[in-house]
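K.L.:
Going by the numbering used here, the sequence shown opens with residue 55, and the numbers climb by one from there.
Honestly, the hints are just simulated from the structure, not real lab data.
Do not rely on the hints blindly, as some may be mistaken.
What the hints assert, rightly or not - Pairwise CB distance ranges (calculated): (1) F111 to S250: 29 to 37 Å; (2) A135 to Q158: 26 to 34 Å; (3) G204 to L151: 24 to 32 Å.
Note that beta-carbon positions come from the ideal geometry of N, C-alpha and C, so glycine has one too.
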Amino acid sequence: MIRRILAWIAIAAMIWLVFFTDGQGLVMRWLEAQNQPHVWIVLGTALIYAIALSVPFLPAVELGWLIMAAFGPIGILAIWAATPLGLLLAFSIGYWLREWPQVQRLQQRFEDRVAAATSDRPGDRMLRFASDKLASHPYIALAVLVNMPGNWLIGGGGGIGLMAGASGLYHPLKFVLVLIPATGVVAVLMLVGVYSKPVG
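Between the sequences and the hints, there should be enough to build the whole structure, so can you do that?
P.N.:
So this is what it looks like as structure tokens:
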């Protein structure tokens, strides 16, 4: 319930940024008015976000949306860059600690969730597709899972990263290269919305 409320607040904030402002987030505007070193503040915030994203089940994606709305274009770019890094951190933990009980529980949760995905809802259909493609086309499956509605049920970005690292199916560099476009959908849409508005 809390995650859903946070998601709706974040979506409302992003809509407000794109359609009802000059494209500059309120926090960024305040920092510039106070002559604060906003670049370092944005980078520090993005780093904290990347660490939070690597933790399974935390609502880090929703927090990322809020950061984008708060800081405007520079925040959008920072969060987009931080997202693959946070998932790579989770990937590394899964790779080196694949026998960790938490990782094994996530893998079992994923299998149980796939078995329960029998409806025609978009999330269930995407999950079945990703599961079917996991062995033969793991990178396609990865792109689908990180964009799947309700992926928090299998641990969110952190859980997906942990399982990817533990699976042995992915090369770290290819993992990141696939995630850069796969996690940039919201960021690109927001940037297009901000910069496509008429001036004046």
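K.L.:
Of the hints given before, which are not true for this structure?
P.N.:
Nothing - there is no hint that the structure violates, so all of them hold.
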